[in-house]
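So you can see what is in the structure, the chains are spelled out below.
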Amino acid sequence: SQELEQSPQSLIVQEGKNLTINCTSSKTLYGLYWYKQKYGEGLIFLMMLQKGGEEKSHEKITAKLDEKKQQSSLHITASQPSHAGIYLCGAAFNAGNNRKLIWGLGTSLAVNP
Amino acid sequence: GAVVSQHPSWVICKSGTSVKIECRSLDFQATTMFWYRQFPKQSLMLMATSNEGSKATYEQGVEKDKFLINHASLTLSTLTVTSAHPEDSSFYICSASIAGGFHNEQFFGPGTRLTVL
Chain F
1 SQELEQSPQS LIVQEGKNLT INCTSSKTLY GLYWYKQKYG EGLIFLMMLQ KGGEEKSHEK
61 ITAKLDEKKQ QSSLHITASQ PSHAGIYLCG AAFNAGNNRK LIWGLGTSLA VNP
Chain C
1 GAVVSQHPSW VICKSGTSVK IECRSLDFQA TTMFWYRQFP KQSLMLMATS NEGSKATYEQ
61 GVEKDKFLIN HASLTLSTLT VTSAHPEDSS FYICSASIAG GFHNEQFFGP GTRLTVL
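Which chain is which? The protein sequence lines are F and C, in order.
Following this note's numbering, the numbering of the first sequence begins with 1 at its first residue and continues without gaps.
Following this note's numbering, the numbering of the second sequence begins with 1 at its first residue and continues without gaps.
Quick caveat, the hints were computed from the structure, so don't treat them as lab data.
Hints may contain errors.
[To be verified] Heads up, simulated SDA-like pairs for lysine to any residue below, C-alpha to C-alpha not over 20 Å straight-line:
hint	chain 1	residue 1	chain 2	residue 2
1	F	K36	F	E67
2	F	K36	C	R37
3	C	K41	F	I102
[To be verified] Distance windows between CB atoms, simulated:
hint	chain 1	residue 1	chain 2	residue 2	range
4	F	G16	C	L76	39 to 47 Å
5	F	G40	C	K14	33 to 41 Å
6	F	Y30	C	T82	43 to 51 Å
7	C	S18	F	T62	23 to 31 Å
8	C	S9	F	A110	45 to 53 Å
9	F	G16	C	S18	49 to 57 Å
10	C	T82	F	H58	38 to 46 Å
11	F	S57	C	P8	17 to 25 Å
12	C	S18	F	K56	40 to 48 Å
13	F	K51	C	V3	45 to 53 Å
14	C	L26	F	D66	34 to 42 Å
15	F	H58	C	H85	37 to 45 Å
Just so we're clear, the structure is a prediction, and the values are computed from it rather than from any experiment.
A virtual CB, placed ideally from N, CA and C, is assigned to each residue, including glycine.
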């Protein structure tokens, strides 16, 4: 089974609507990373969360990590067509220096104008 | 800052030939680089972790003799797909972690699309 579950798998919203993407782990996270990818391109770093209860915002995107450090949500307010893409969460399960991340399967977001 | 480049961005080759993909950190030193493979509409599949000056660590199921990785310097890692076959056609992405950095943040290259005929 997947160590990191992302939901929903895909999402279509009308421009201006809010949306939430979730990333759930069966184990305690050392760090949780959110990236965005346009199809056929590399990944763009959005945010990293490490502390339980932590919340970060960048423009209209807000990400939170729950107190137990097992679930993160990414919330987009007043979505725009530029928000369309694939959102991936990546998790570090330990503080070691191998820097390896475990990835969710991604959420494909389409925003209709 | 923290820019990673990949070359080439796309390549088409004949079955049986070898293809080399370069991954460079342009404005930082990367102790660790990662090579991923991505199929259409799927997530990233980690192939191997490459540390400068040492042998790469391959994930289970990835043939190290087929996917040769060399990390000769702190700014360059190469992935060579040897004797490529159509099933090796995919999108290959590299990422790099900053040397001495505390967090696991990875900076990604733009990817290389490989098509094997």
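Status of each hint after checking the structure:
1. K36/F <-> E67/F: violated (24 Å)
2. K36/F <-> R37/C: holds (16 Å)
3. K41/C <-> I102/F: holds (17 Å)
4. G16/F <-> L76/C: 39 to 47 Å: holds (45 Å)
5. G40/F <-> K14/C: 33 to 41 Å: violated (23 Å)
6. Y30/F <-> T82/C: 43 to 51 Å: violated (36 Å)
7. S18/C <-> T62/F: 23 to 31 Å: Distance hint for S18/C, T62/F is violated at roughly 46 Å.
8. S9/C <-> A110/F: 45 to 53 Å: violated (25 Å)
9. G16/F <-> S18/C: 49 to 57 Å: holds (50 Å)
10. T82/C <-> H58/F: 38 to 46 Å: holds (41 Å)
11. S57/F <-> P8/C: 17 to 25 Å: violated (37 Å)
12. S18/C <-> K56/F: 40 to 48 Å: Cβ of S18/C to Cβ of K56/F: about 43 Å, so the range 40 to 48 Å holds.
13. K51/F <-> V3/C: 45 to 53 Å: violated (28 Å)
14. L26/C <-> D66/F: 34 to 42 Å: Check passed, 36 Å falls within 34 to 42 Å.
15. H58/F <-> H85/C: 37 to 45 Å: holds (42 Å)
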